[in-house]
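2 protein chains.
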Amino acid sequence: MIDAQSYVRQIAEEARQAASKLAIAPGARRDAALLSAAEAIRSDADAIAAANQADVLAAKDAGLSAAMIDRLTLTDKRIEAMATALESIARQPDPVGKSIAAYYRPNGLRVEKRRVPLGVVAIIYESRPNVTADAAGLCIKSGNAVILRGGKEALQSNLAIARSLSKGLSQADLPDNVITMIDRTEHEIVPALAQAEGLIDLIIPRGGESLIRAVVQAATIPVIKHYAGNCHIYVHADADLTKAERIILNAKCQRPGVCNAVETLLIDAAIAEEFLPVIARKLIDAGVELRGCEKSCKIVPEMKPASQQDWFAEYLALILAVKVVNSLDEAIEHINTYGSHHTDAIITENISAADRFVSLVDSSSVMVNASTRFSDGGEYGLGAEVGISTDKLHARGPMGAEDLTTYKWIVTGNGHIRE
Amino acid sequence: MIDAQSYVRQIAEEARQAASKLAIAPGARRDAALLSAAEAIRSDADAIAAANQADVLAAKDAGLSAAMIDRLTLTDKRIEAMATALESIARQPDPVGKSIAAYYRPNGLRVEKRRVPLGVVAIIYESRPNVTADAAGLCIKSGNAVILRGGKEALQSNLAIARSLSKGLSQADLPDNVITMIDRTEHEIVPALAQAEGLIDLIIPRGGESLIRAVVQAATIPVIKHYAGNCHIYVHADADLTKAERIILNAKCQRPGVCNAVETLLIDAAIAEEFLPVIARKLIDAGVELRGCEKSCKIVPEMKPASQQDWFAEYLALILAVKVVNSLDEAIEHINTYGSHHTDAIITENISAADRFVSLVDSSSVMVNASTRFSDGGEYGLGAEVGISTDKLHARGPMGAEDLTTYKWIVTGNGHIRE
Numbered sequence: 020m021i022d023a024q025s026y027v028r029q030i031a032e033e034a035r036q037a038a039s040k041l042a043i044a045p046g047a048r049r050d051a052a053l054l055s056a057a058e059a060i061r062s063d064a065d066a067i068a069a070a071n072q073a074d075v076l077a078a079k080d081a082g083l084s085a086a087m088i089d090r091l092t093l094t095d096k097r098i099e100a101m102a103t104a105l106e107s108i109a110r111q112p113d114p115v116g117k118s119i120a121a122y123y124r125p126n127g128l129r130v131e132k133r134r135v136p137l138g139v140v141a142i143i144y145e146s147r148p149n150v151t152a153d154a155a156g157l158c159i160k161s162g163n164a165v166i167l168r169g170g171k172e173a174l175q176s177n178l179a180i181a182r183s184l185s186k187g188l189s190q191a192d193l194p195d196n197v198i199t200m201i202d203r204t205e206h207e208i209v210p211a212l213a214q215a216e217g218l219i220d221l222i223i224p225r226g227g228e229s230l231i232r233a234v235v236q237a238a239t240i241p242v243i244k245h246y247a248g249n250c251h252i253y254v255h256a257d258a259d260l261t262k263a264e265r266i267i268l269n270a271k272c273q274r275p276g277v278c279n280a281v282e283t284l285l286i287d288a289a290i291a292e293e294f295l296p297v298i299a300r301k302l303i304d305a306g307v308e309l310r311g312c313e314k315s316c317k318i319v320p321e322m323k324p325a326s327q328q329d330w331f332a333e334y335l336a337l338i339l340a341v342k343v344v345n346s347l348d349e350a351i352e353h354i355n356t357y358g359s360h361h362t363d364a365i366i367t368e369n370i371s372a373a374d375r376f377v378s379l380v381d382s383s384s385v386m387v388n389a390s391t392r393f394s395d396g397g398e399y400g401l402g403a404e405v406g407i408s409t410d411k412l413h414a415r416g417p418m419g420a421e422d423l424t425t426y427k428w429i430v431t432g433n434g435h436i437r438e
Numbered sequence: 020m021i022d023a024q025s026y027v028r029q030i031a032e033e034a035r036q037a038a039s040k041l042a043i044a045p046g047a048r049r050d051a052a053l054l055s056a057a058e059a060i061r062s063d064a065d066a067i068a069a070a071n072q073a074d075v076l077a078a079k080d081a082g083l084s085a086a087m088i089d090r091l092t093l094t095d096k097r098i099e100a101m102a103t104a105l106e107s108i109a110r111q112p113d114p115v116g117k118s119i120a121a122y123y124r125p126n127g128l129r130v131e132k133r134r135v136p137l138g139v140v141a142i143i144y145e146s147r148p149n150v151t152a153d154a155a156g157l158c159i160k161s162g163n164a165v166i167l168r169g170g171k172e173a174l175q176s177n178l179a180i181a182r183s184l185s186k187g188l189s190q191a192d193l194p195d196n197v198i199t200m201i202d203r204t205e206h207e208i209v210p211a212l213a214q215a216e217g218l219i220d221l222i223i224p225r226g227g228e229s230l231i232r233a234v235v236q237a238a239t240i241p242v243i244k245h246y247a248g249n250c251h252i253y254v255h256a257d258a259d260l261t262k263a264e265r266i267i268l269n270a271k272c273q274r275p276g277v278c279n280a281v282e283t284l285l286i287d288a289a290i291a292e293e294f295l296p297v298i299a300r301k302l303i304d305a306g307v308e309l310r311g312c313e314k315s316c317k318i319v320p321e322m323k324p325a326s327q328q329d330w331f332a333e334y335l336a337l338i339l340a341v342k343v344v345n346s347l348d349e350a351i352e353h354i355n356t357y358g359s360h361h362t363d364a365i366i367t368e369n370i371s372a373a374d375r376f377v378s379l380v381d382s383s384s385v386m387v388n389a390s391t392r393f394s395d396g397g398e399y400g401l402g403a404e405v406g407i408s409t410d411k412l413h414a415r416g417p418m419g420a421e422d423l424t425t426y427k428w429i430v431t432g433n434g435h436i437r438e
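Heads up: the sequence lines are chains G and X, in that order. FYI, in the working numbering the residues of the first sequence are 20 to 438. FYI, in the working numbering the residues of the second sequence are 20 to 438.
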């Protein structure tokens with residue numbers, strides 16, 4: 020067996036060749052591949068379910084946690100959802116070839132800034148097999164070859180899904196190497212991917228913070244990532260408290276284990292005495308543990324006192340930090356200091372307060388009177404998402420197909436020279 | 020004197036505060052600052068010239084090269100050009116607040132993707148003082164605070180220009196710390212800037228390859244850069260040879276020391292016997308040294324034989340590598356293998372050949388029947404440029420004000436929760 024680095028160079032070179040063929044394929048061919056892949060997933064559903072069953076049994080034998088096993092398990096509904104996501108990606112507008120700008124210069128030179136694929140994208144993820152279909156689908160849509168490295172506990176499921184996706188590619192007469200599912204499980208593969216300069220254009224790690232930090236530290240190629248989602252909801256003095264209550268309960272309890280669940284609640288001092296006892300009661304009844312600042316604990320004595328660490332925490336659990344703030348600006352300051360620049364919300368009926376919050380909170384998504392749970396590629400209408408970026412450069416927030424493109428300046432003259 | 024790292028943290032924190040004030044200033048205030056700064060540069064022209072004279076005298080005493088001293092010297096014309104560039108930047112459309120997309124989702128949620136400033140940008144450059152005005156101007160336009168670190172041989176000139184720019188800011192009632200010109204010259208400043216995580220959002224090194232590599236290696240914050248400009252012109256079989264001749268001479272001889280000058284000429288075998296003797300004669304007469312492949316040397320025996328290194332070289336001098344290629348695809352392959360993904364041109368009257376070249380050459384700018392020398396922010400109508408990126412992520416090619424922005428997702432509901 021060749022070493023990890025040589026193996027990665029070899030698959031990346033093959034991916035690169037596939038990418039240059041894909042780059043000149045018209046959008047209709049890429050969409051046809053996505054639609055055929057969706058059909059293949061439906062007709063191969065039994066094979067995918069069987070492969071997944073094998074992964075799940077092995078995971079149970081290995082003693083993986085119930086949450087891990089839930090994420091790994093593909094039900095009929097989840098298999099159908101993969102097919103639906105591919106169809107939804109196919110229906111999106113084609114990002115490739117889109118003109119960002121095109122104009123004549125005074126000297127008659129034609130200048131165009133046109134979207135083109137990045138080339139080869141590597142995606143590293145953990146146990147959720149549906150990421151295989153979503154990520155590969157977005158890469159095909161955007162004209163990129165993709166190298167996928169999923170968690171080893173999901174390998175059989177991922178290989179089965181990749182086989183269905185390959186059928187879609189071959190039916191659209193696109194090269195098989197557009198998708199490479201890595202079937203080697205040694206750890207050395209990850210740094211080798213992150214250091215494939217000149218062969219891989221972008222690496223996207225998805226998963227726990229330690230995986231992401233390892234990729235960032237090893238990487239010599241560009242990485243897009245988000246470390247954590249420490250999301251806030253600020254209830255402003257002029258909030259509609261009925262909306263506030265609905266939104267807070269939804270943002271904390273609907274799916275507490277995900278990055279866009281709320282982790283800190285900021286309540287304006289003007290309404291704290293009135294609103295805090297009400298919302299605290301509902302949250303406690305829903306099984307949420309509250310950790311409050313000094314003022315909050317005075318108003319609701321059942322709260323545990325929060326420590327400095329609580330303001331930084333991404334609990335991913337039914338725990339909520341609570342702080343009373345004296346003003347809109349104190350709320351903004353708190354979010355920009357302790358937050359993770361992911362998703363933060365204000366609840367207010369006051370348009371000036373909403374505008375100031377939107378302008379000054381330095382986060383990838385800023386919500387007004389809506390649950391932080393909406394921060395998601397599907398919810399934003401991107402068809403699916405390849406990840407959520409808390410970086411500011413290139414792509415920020417949920418990333419769809421267009422975020423997997425770059426652009427090229429195309430300048431057309433008629434013998435033009437520079438004077 | 021405090022150490023470099025503490026100093027950088029202090030100025031970056033002050034810049035950050037200024038940036039948050041600038042972020043909510045309307046575009047008209049930023050444009051007013053640019054126009055006032057242009058006026059201040061004109062009225063302070065004598066002071067700027069005197070400061071520059073001191074720098075130039077010191078540089079001569081230190082024995083700097085004539086080319087270095089030319090780049091350092093500010094003539095009346097060059098001072099006026101700085102003022103004009105600021106006015107040109109002011110006239111550009113405001114990139115801040117521009118909606119990239121805005122739509123309602125089926126559930127009534129309003130989703131907007133809106134351009135916002137990056138925050139604080141650091142720019143490291145060498146001896147050309149006009150970069151001070153261009154870079155600061157583009158940062159003001161895009162709502163960013165900027166930290167400038169020019170070459171120590173240009174320090175007096177840069178400080179004088181920064182004083183004029185500050186007058187513009189204060190006349191528009193914008194904070195002085197929007198521009199910080201670093202007046203400390205020790206080397207430790209550069210890595211300290213490149214590692215100011217959470218305080219500086221982007222660092223742009225401009226200058227020689229060793230400076231850029233040093234920044235990239237030290238950096239823990241995002242870097243946008245270009246290492247080299249190894250630009251190509253390919254003369255296709257169906258080229259108009261009169262255009263080819265004009266363009267090659269311009270791209271090689273008009274200003275050989277810059278990154279968008281041509282370094283390798285590829286000639287299609289179908290026209291090599293006819294065209295190569297003609298263009299070689301003109302280039303040799305213009306003082307250009309030619310280094311050819313085996314076939315080229317057979318056709319024009321005055322050429323030196325090229326080595327493998329020549330295909331990678333950025334000469335920045337009156338030297339040109341010459342190669343005969345058998346096809347369009349061989350030309351594309353050569354450019355993608357040996358080039359620097361900066362700017363490459365095809366000369367052809369054949370529309371299919373032009374399309375294939377544009378699609379498959381993986382460079383930031385691709386030219387058809389125009390000189391590579393046009394690859395420049397001013398020539399593309401960006402008002403000025405903060406640099407040219409050969410990176411693919413975030414910004415590619417000449418970078419103007421819009422490339423110094425990111426975006427934010429703004430989601431507005433009316434009590435929306437996720438089901």
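Some hints could be false.
Remember, identical chains collapse to one label, so a pair may be satisfied in a single copy or spanning two.
In silico lysine-lysine, DSS-like type, Cα no more than 30 Å apart, as pairs [to be verified]:
id : residue 1 : residue 2
1  : 40        : 96
2  : 132       : 262
3  : 262       : 79
4  : 186       : 117
5  : 171       : 96
6  : 301       : 40
7  : 117       : 323
8  : 117       : 40
9  : 132       : 117
Hints are computed from structural coordinates only; laboratory data are not their basis. None of the values given here were measured: they were computed from a predicted structure.
Now the hints, each set against the structure:
{"no.": "1", "hint": "40 <-> 96", "in the structure": "neither (34 Å within a copy, 50 Å between copies)"}
{"no.": "2", "hint": "132 <-> 262", "in the structure": "between (44 Å within a copy, 24 Å between copies)"}
{"no.": "3", "hint": "262 <-> 79", "in the structure": "neither (42 Å within a copy, 71 Å between copies)"}
{"no.": "4", "hint": "186 <-> 117", "in the structure": "within (28 Å within a copy, 42 Å between copies)"}
{"no.": "5", "hint": "171 <-> 96", "in the structure": "within (23 Å within a copy, 65 Å between copies)"}
{"no.": "6", "hint": "301 <-> 40", "in the structure": "neither (57 Å within a copy, 39 Å between copies)"}
{"no.": "7", "hint": "117 <-> 323", "in the structure": "neither (54 Å within a copy, 44 Å between copies)"}
{"no.": "8", "hint": "117 <-> 40", "in the structure": "within (19 Å within a copy, 35 Å between copies)"}
{"no.": "9", "hint": "132 <-> 117", "in the structure": "both (9 Å within a copy, 18 Å between copies)"}
When held up to the earlier numbered hints, the structure conflicts with 1, 3, 6 and 7 and fits the remainder.
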